[in-house]
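Colleague: Letter by letter, the chains look like this.
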Amino acid sequence: MIVFDHVSKQYGKSATLAVDDLNMTVESGKVFGYIGPNGAGKSTTIRLMTGILAPTSGRVVIGGHDMAKDPLAAKRHIGFVPDAHELYDRLTGMEYLNFMADVYQVDSAKRKVHIEKYLNLFELEDAAGEQIRSYSRGMKQKLTIIGALIHNPPVWVLDEPMVGLDPKSSHVLKEEMRRHCDAGNTVFFSTHVLEVAEKLCDEIAIIDKGKVLARGTMEELRSGETGSSLEELFLQLTEAEGEDA
Amino acid sequence: MRDYGLLLGLTLRNRLAALRSGSWRKDNGKIDFGRIIGSIVVVLSIALLAGCIIYAEIKLFDVLKMLRQEALLPAVAMLLSMLSTLLLSFFHVLSGLYFSKDTVWMAYLPVRSGAVMAAKMTEVWMGEVLFALAMLLPVNILYGMHLNADVLYYVRMAVISLLAPVMPLCIVALLTSLLARATTLVRNKEAITVVLSLVLLVGVLLLEGILLPKIPDDADAMFFVRLMLDNEGILTMLTSAFPPVLWAVHGLQGNWTEFLLFVGCCMACVVLMLLLLGKSYLGVSLKQSEQGTRKKHVKTHAGTWKQRSPLMAMFNKEWKAVVKSPTVAFNCLPSIFMFPLMVIMFIVSISSMMDMNEFMGEMMGMVEQISTLDLALILAAAVGFASFINPAVATAVSREGSRLDISRMIPVSARTQMTAKLMVGMLIDVLAVGISVILLLVLLPQLSGAILLGGALALMLCYASSAMNLTLDAVRPNLHWTNEAQVVKQGANVAFGMLIGMALFALPIIPPILLLGSAPWVRFAAAGGVLVLEVVLGAVLLRLVAEKRFARLEPTA
Chain A
526 MIVFDHVSKQ
536 YGKSATLAVD
546 DLNMTVESGK
556 VFGYIGPNGA
566 GKSTTIRLMT
576 GILAPTSGRV
586 VIGGHDMAKD
596 PLAAKRHIGF
606 VPDAHELYDR
616 LTGMEYLNFM
626 ADVYQVDSAK
636 RKVHIEKYLN
646 LFELEDAAGE
656 QIRSYSRGMK
666 QKLTIIGALI
676 HNPPVWVLDE
686 PMVGLDPKSS
696 HVLKEEMRRH
706 CDAGNTVFFS
716 THVLEVAEKL
726 CDEIAIIDKG
736 KVLARGTMEE
746 LRSGETGSSL
756 EELFLQLTEA
766 EGEDA
Chain B
208 MRDYGLLLGL
218 TLRNRLAALR
228 SGSWRKDNGK
238 IDFGRIIGSI
248 VVVLSIALLA
258 GCIIYAEIKL
268 FDVLKMLRQE
278 ALLPAVAMLL
288 SMLSTLLLSF
298 FHVLSGLYFS
308 KDTVWMAYLP
318 VRSGAVMAAK
328 MTEVWMGEVL
338 FALAMLLPVN
348 ILYGMHLNAD
358 VLYYVRMAVI
368 SLLAPVMPLC
378 IVALLTSLLA
388 RATTLVRNKE
398 AITVVLSLVL
408 LVGVLLLEGI
418 LLPKIPDDAD
428 AMFFVRLMLD
438 NEGILTMLTS
448 AFPPVLWAVH
458 GLQGNWTEFL
468 LFVGCCMACV
478 VLMLLLLGKS
488 YLGVSLKQSE
498 QGTRKKHVKT
508 HAGTWKQRSP
518 LMAMFNKEWK
528 AVVKSPTVAF
538 NCLPSIFMFP
548 LMVIMFIVSI
558 SSMMDMNEFM
568 GEMMGMVEQI
578 STLDLALILA
588 AAVGFASFIN
598 PAVATAVSRE
608 GSRLDISRMI
618 PVSARTQMTA
628 KLMVGMLIDV
638 LAVGISVILL
648 LVLLPQLSGA
658 ILLGGALALM
668 LCYASSAMNL
678 TLDAVRPNLH
688 WTNEAQVVKQ
698 GANVAFGMLI
708 GMALFALPII
718 PPILLLGSAP
728 WVRFAAAGGV
738 LVLEVVLGAV
748 LLRLVAEKRF
758 ARLEPTA
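Residue numbers (our numbering), protein chains in the order written: chain A, 526 to 770; chain B, 208 to 764.
Rather than coming from a laboratory, the hints here were simulated on the basis of the structure.
Everything numeric in this text was worked out from a predicted model, so none of it was measured.
Mixed in with the good hints there might be a few duds.
[What the hints assert, rightly or not] Distance windows between CB atoms, simulated:
| hint | chain 1 | residue 1 | chain 2 | residue 2 | range |
| --- | --- | --- | --- | --- | --- |
| 1 | A | S539 | B | L483 | 45 to 51 angstroms |
| 2 | A | A593 | B | V311 | 47 to 53 angstroms |
| 3 | B | L722 | A | L597 | 46 to 52 angstroms |
Where a beta carbon is used, it is the ideal one built from N, C-alpha and C, also for glycine.
Full structure from sequences and hints, please.
Modeller: Below is the structure:
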């Protein structure tokens, strides 16, 4: 479970808040989609959730652990797939995965099973012995996905996960997200691909200018607005917000 | 020319961004007094160092004046400046031209390859010229004052000082280009780069050794008399293999023809470099970012799945980041071989002059006059001096760069991460001190007690220096860089870390000097006491400052 308790984030002296009084709970066993225009605050929310940034006010609680008070316990509950791939370029794929397994304290037997399973699933076995700097963007994306899943995290966070993936890998990832959720875990992801969010998510939040404009299941979102597709809803909400501002 | 101007402007704006007023403020808009005070301390430390150098130069100039060899001072400074640029800029040029993150971005801009190379070489020159100016300006101003020179002297001086690194940089650009072209042919580029760089550097050193002037074997007393009586004798001999140095000195003295010869030679080198390398530069540089793959199924064994503690995982990752990058490895690992190399060179030069057994006998006779404790202090100073400079630890936080996100996201405490960084620094120090101690034990087994004690003291100095260097880098890291050389070679933290190390090195030496009349154990206790205080201070700073600052480090949006 993820709890955002009146979380705000201000960068430097910026007049606006990147995240403005975010107050929501994401339950376990759900795929939660987080959508919004560029610069809406999606990545900042995710960076606050994963402990990369500290909130200006409010608190983030992951699996019952406050990220500010008990960051290590909170981080152990998370597997994170970032949107940028600033990895340790000179490590091989296998060295990186073992590094992630070590920091998440995954024992030898479990890591062997996980790494072999996911390398096979994402067709990365042949590249695992190569340095990461030789990888394509998609291969780096797959490697970070495997690294994030290495400890079977109760909360799986993905920032724009479909970018760079080929159709087959994208399909495998979506199936894996659903399977992870069905096992009782939470999947929280941001995306610009509204079709993916519409089909995959149990719950969706639309964010713009740091504020959550709407939140709920597709049916709940549809009931309050005139649009029928997520794309229409998204455009209505974000344009209305732009006009209000 | 327009492309070059645009790219250079971009580089300059990027480099000078740190000086903008906003950089002196914290994220919350308040003035960052810590940063300002830190910068003032850096400037004062550099000024202090410069003051010491200028003082030494004035004293040397007084001696040369007595010998009527005043022109030797600017000549020696010029020669040293050019030779040190030739050696020390190698990895700067290599990483600036061929391992820079922005090369791919520049490759798809509609700019000519030669313009990109010229802009990058100008950036390298800007880094190297500061060192050249520091070496040349005080000397040349002293010389100008001695000559009662006019304004034109100082104009010529400025031009010559600014152009001093140009020729060595062009030579280095040519060598690194050959190296980069050779490595495009192999799959494992970085390992080959490391090995070939070493071979090239040894080659350059040998060439310098061959070209540097030597006293003829058949030199008699009259040879030296003639040399001393001739105002230009030593100068001509010294610069015989490097005519541009002689042109520069004569140019300084007012010979416009030789001044223009020097300037023209520098310009010709630049044009030649761009003509030879400019057109193909981008292609060769981009090939460095290509990584061939074997596409073989990865082989696993029981050890592949071995679980390590988070501390060992972080240490392993840090160590690989140091040894697998040519730029980082060549700036961070030389201290391991510094002392053994100095000892070997000393032995070689002694053995060419006298019988080694005779020398060892004489030396042991002298050493026997010194108590074991004093000897331990001397050895600690020698080994410690060659080992305490450690850019690996002074840049451990800065080298995270944009990967700081990973450090912030993983469930490993700031203490563990900082301990791993310190362990990597200490491993380098332990290797440096360990190899030195083993070499000394082999050469001087009779002094094993003093050697081991000296090694232990040297390690204490290294720990204190590493802990304080790491603290400094956690307090003021540079996380925004485009190539690793900007952090490990040009980073202010490396320079400031060296100053801290020098201070830590000097402090324990003072009490034994003040207590020269006391018993050896008193001197040893005084030096050891200061070292213990340094170690405690380092550990406290690491725990109370470094770890907290690292935990609070936040990547920018």
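Colleague: Run every hint past the structure and note whether it holds.
Modeller: These are the hints, each one checked on the structure:
no.	hint	result
1	A/S539 / B/L483: 45 to 51 angstroms	holds, 49 angstroms
2	A/A593 / B/V311: 47 to 53 angstroms	violated, 38 angstroms
3	B/L722 / A/L597: 46 to 52 angstroms	holds, 49 angstroms
Hint 2 alone, counting from the list given before, is not met by this structure.
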